[in-house]
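Student: Given chain A, put chain B in place with the hints provided.
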Amino acid sequence: METDDKENTAKGANTYAEGDVHDLMKLYYARLFPARSMMKWLSYGNDGKHPQADAGFTQRREFCFTLDGDIFCRYQSFKDEKELRAALKDKTPSKIDLGPVFNVDPAKRMAYGAGGAGGDRVFAPVEREFVMDIDMTDYDDVRSCCSSANICNKCWPLMTIAVKIIDRALREDFGFKHLLWVYSGRRGIHVWVCDKRARSMSNEARAAVAEYFSVYKGTDASGTVKRVSLTTPLHPSLKRAYDDVLAPYWTDTILPNQGLLEDEKFFEPILAMIPDANIRDEFASQWKSGKKFATSACPDESVARWNKLVQKVDAANNPGKSGKQSSFEMKFAHAYPRLDVEVSKHMNHLLKAPFCVHPKTGRVCVPMDPAKAESFDPMTVPTVAQMLNELDAAGGAAGAEDEYELTSMKGAVDTFNATFWDALDKECKEELAVKARDVAGAPTVEW
Amino acid sequence: MYAHAPSKEVALEEFELYALERMRVLKAIDDGLSRGKKPAEMELLITKEDKLLTRGSLHLEDEETRKDEVSHFALRLAYCRTEELRRWFLAQECALFRHRFRQLRGAQQAAFLQHNGLDYHPIDAKEFERVRADLHNTLNGMMRKDDANAALANGASGFYAVPFEEVSDLVRGRRVFMSGGKAYVPQDQLASLVVGAFRSRLSKALVVASRRWAQHVAGEEKERLAPVVLSLSKRYLGRDYGKAGGANGEGGGDVVTLKDLNGAAAKSFPLCAKNLFNMVKKEHHLRHEGRRQLQLYLKGIGLSLEEAMLFWKTEFCKKIPAEKFEKEYAYAVRHAYGKEGKRVDYTPHTCMKCISANPGPGEHHGCPYKTFGEESLRAALGGLQITGRQVNEIVDKAKGKHYQIACGMTFEAVHGGKSIEQGVQHPNQWFQESRKALGFGGKDENDAPTPGGEPVTPGTATARPARPSVPASA
Chain A
1 METDDKENTA KGANTYAEGD VHDLMKLYYA RLFPARSMMK WLSYGNDGKH
51 PQADAGFTQR REFCFTLDGD IFCRYQSFKD EKELRAALKD KTPSKIDLGP
101 VFNVDPAKRM AYGAGGAGGD RVFAPVEREF VMDIDMTDYD DVRSCCSSAN
151 ICNKCWPLMT IAVKIIDRAL REDFGFKHLL WVYSGRRGIH VWVCDKRARS
201 MSNEARAAVA EYFSVYKGTD ASGTVKRVSL TTPLHPSLKR AYDDVLAPYW
251 TDTILPNQGL LEDEKFFEPI LAMIPDANIR DEFASQWKSG KKFATSACPD
301 ESVARWNKLV QKVDAANNPG KSGKQSSFEM KFAHAYPRLD VEVSKHMNHL
351 LKAPFCVHPK TGRVCVPMDP AKAESFDPMT VPTVAQMLNE LDAAGGAAGA
401 EDEYELTSMK GAVDTFNATF WDALDKECKE ELAVKARDVA GAPTVEW
Chain B
1 MYAHAPSKEV ALEEFELYAL ERMRVLKAID DGLSRGKKPA EMELLITKED
51 KLLTRGSLHL EDEETRKDEV SHFALRLAYC RTEELRRWFL AQECALFRHR
101 FRQLRGAQQA AFLQHNGLDY HPIDAKEFER VRADLHNTLN GMMRKDDANA
151 ALANGASGFY AVPFEEVSDL VRGRRVFMSG GKAYVPQDQL ASLVVGAFRS
201 RLSKALVVAS RRWAQHVAGE EKERLAPVVL SLSKRYLGRD YGKAGGANGE
251 GGGDVVTLKD LNGAAAKSFP LCAKNLFNMV KKEHHLRHEG RRQLQLYLKG
301 IGLSLEEAML FWKTEFCKKI PAEKFEKEYA YAVRHAYGKE GKRVDYTPHT
351 CMKCISANPG PGEHHGCPYK TFGEESLRAA LGGLQITGRQ VNEIVDKAKG
401 KHYQIACGMT FEAVHGGKSI EQGVQHPNQW FQESRKALGF GGKDENDAPT
451 PGGEPVTPGT ATARPARPSV PASA
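In the order they appear, the protein sequences are chains A and B. Everything in the first sequence is counted per our numbering, starting at 1 for the first residue and increasing by one. Everything in the second sequence is counted per our numbering, starting at 1 for the first residue and increasing by one.
Next up, chain A with everything else stripped away, as it sits in the complex (with noise of 0.2 Å):
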């Protein structure tokens, strides 16, 4: 990522730098950000002037701005987007957070008793989207390539199996509909689901969707071998997982892309997790001394290897657990989606919004489109610099009404309306309308 924020820099011709993203936040807030799309969506169709439409609805959800100097001003809130403009012009925070949405508004809950210790709890969350975190991170002991915060092409597919797993699962097997995915800007993904009834689940069912997706168990005491949670036979949404993305992706992608079966540090665990101490440290010597296995029929080293491995796993028969099921546990445990789970039990826990900025990486915090996650490029995602300069270019004038239209946040919005709004705005419009049928009917019908 640095290279590339040179390259760019690099040109000369450019206004606007990389690198002190903080300077730019105010022009970005003032040109660039869409404030509109955002609230928009926050309201759920209560926005308008419909008779139905809950109109302290967008007021109740909190805001968090992350101030310079890592000063956090929780429980913030804004009626609309006029409002909003006019504070992340006032306090140009470097982070937005969106929280949930309070049953008063969150800014005035002193006034409802919520300060006093010990107090009755009136104050309190009564809907949220239903949020799930990827963070590259969490994959560090599977990546050859990078390791804590940073990505690349490389180690990139990973979060593309997460997305295509995760979301088709999410549609098929929990019915939802409304999905927003974005990157946040660094390292990871984030999903926002939007369905009213995602919106309304408890901490517990929350829980309990986040645990769907989890397999890696963490490694056992000794801290090499990984531990999955599979059944024989596998789940049927992990089976569909396993034939659809990991199978394919695992041979194609991942195992080339890394050379999992090249280093030392990466095929110790992955020989670990086979019962057969024999087929181990057959194994074991073997790559050690540096034998060639890839041929022209198979020219990648590490699939070669893996091949031959699989071979001899799927055809022992050990006690307890067949070859089959330890060959599907080493491509679980290295590539199935890895979630923060704590981001998404809570109705509570704050992520940070979309069109946000990392302020590290000065990238915005664009929508995705999961039909195409193979396609997505994080180091082609916009930059705060490249767009006020795309602006220049374009020469728009400042304060112009949509001149952000003029850059490459056109496509993060499109992208957003397309991929996510325009069907959700849909359903919101609907809702109201069938609300107010009942309203006009209610006094006839009988319940």
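Simulated from the structure, these hints should not be mistaken for laboratory data. Mixed in with the good hints there might be a few duds.
So the derived list for chain B, only partly shown, Cβ under 10 Å to chain A, looks like this [claimed, not checked]:
id, residue
1, A107
2, L135
3, H136
4, N137
5, E165
6, E166
7, R172
8, G173
9, M178
10, G180
Note that CB positions come from ideal geometry on N, CA and C, so glycine has one too.
Tutor: Okay, now just chain B, sitting in the frame of chain A:
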């Protein structure tokens, strides 16, 4: 599902009478469970008891419904006030409810589900065919082949489609097939599901009741309802082990003094107390929760404040200076005896309380049958001169989460076959039963009203000095 309280007038006498009758049923359930009765035996027992209260079903006639509801709501009021009471009440009510739900026939079950707004539907044949392979794979991943096939053999009528939020436990472990937001639950799990719904509704209602009680009712009803309710809620323990040597604290009870403490610990302490006691002796220190549990236990077996202070001081001061003990620990000892702070004479922890504790690393409180790993439990039991076979049985029970039964088996093993008839419910009860079995103290007239027996009649409750710990009067 007891969504609404009966709105008609209820005489105070009737209120109390019904409540006591229901209490006897719940009590019998609790005793049955803690004595380790098998499910089939429990069914019989509940049927018998429930007959006395109603005619033992959810399908009740008017008068019975009223009685059932009045008694339920009366006890709900009585058992809402503390976490421990709520937990007890919830557990017994759920057992009763499960029993009654099982007695219903298919159509009655469906009617009950619909009446209570539970969105569970049997699936139709077409849907079954669509998901058959997935159900097969899910079931086979979870259970033995025969069981899975048996469940599938029921066809469409063997499965209910349920909103996944209602079965979060199954969803969490991927133990159910999911499609379109619905979880496909085999019929034999339907009862657990409905009980789950019942439990969560009742649990919420109890918390609400508790708040209301503290805020309004306790004050307004001080003269009328409050005494009845308070005396009702005190009955479940059967005995107040807070007083040395028994409920009345006078006469023949066996009072332990400092000099026989070591001997008593070796012979008559249940594992939880023995473990804490040994830890103090060994490490000359205990973390807060552990100190608390042991302090109250020792108070319960009759150690006086002066002697308790001496005991703690002697042990702790092998490691720390006396001033530090006076500054940091003496207060808590006096506090446990009700001589500091709110001046509440705290009662020793019950088994339920010990079991619900979650000691962290370096902490020794809680119930050893739950907190110890298999190895350490074996080691601890090995020190008690129990045969290997008995140790195996006890460890098995503990592994099956029947901690109180495991504890009762230990009692039998170390007391030559004598058992605690009503089941282990309290560490101090264990101690007293042990003393009795070993022939200490002798006269035990205090023990006359065994918890399993007839409930105390309304009048006698007031004879016992009311504990000053009643939060409602605050």
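Student: Each of the hints needs a verdict: does it hold here or not?
Tutor: Comparing the hints with the structure gives:
1. A107: violated (24 Å)
2. L135: holds (9 Å)
3. H136: With a closest approach of 8 Å, the B:H136 hint holds.
4. N137: holds (5 Å)
5. E165: Result: holds, 4 Å to nearest chain A Cβ.
6. E166: At 9 Å from the nearest chain A Cβ, B:E166 passes the 10 Å test, so the hint holds.
7. R172: OK, holds: B:R172 within 10 Å of chain A, min 4 Å.
8. G173: With a closest approach of 7 Å, the B:G173 hint holds.
9. M178: holds (4 Å)
10. G180: Holds - the Cβ of B:G180 comes within 10 Å of chain A, reaching about 4 Å at its closest.
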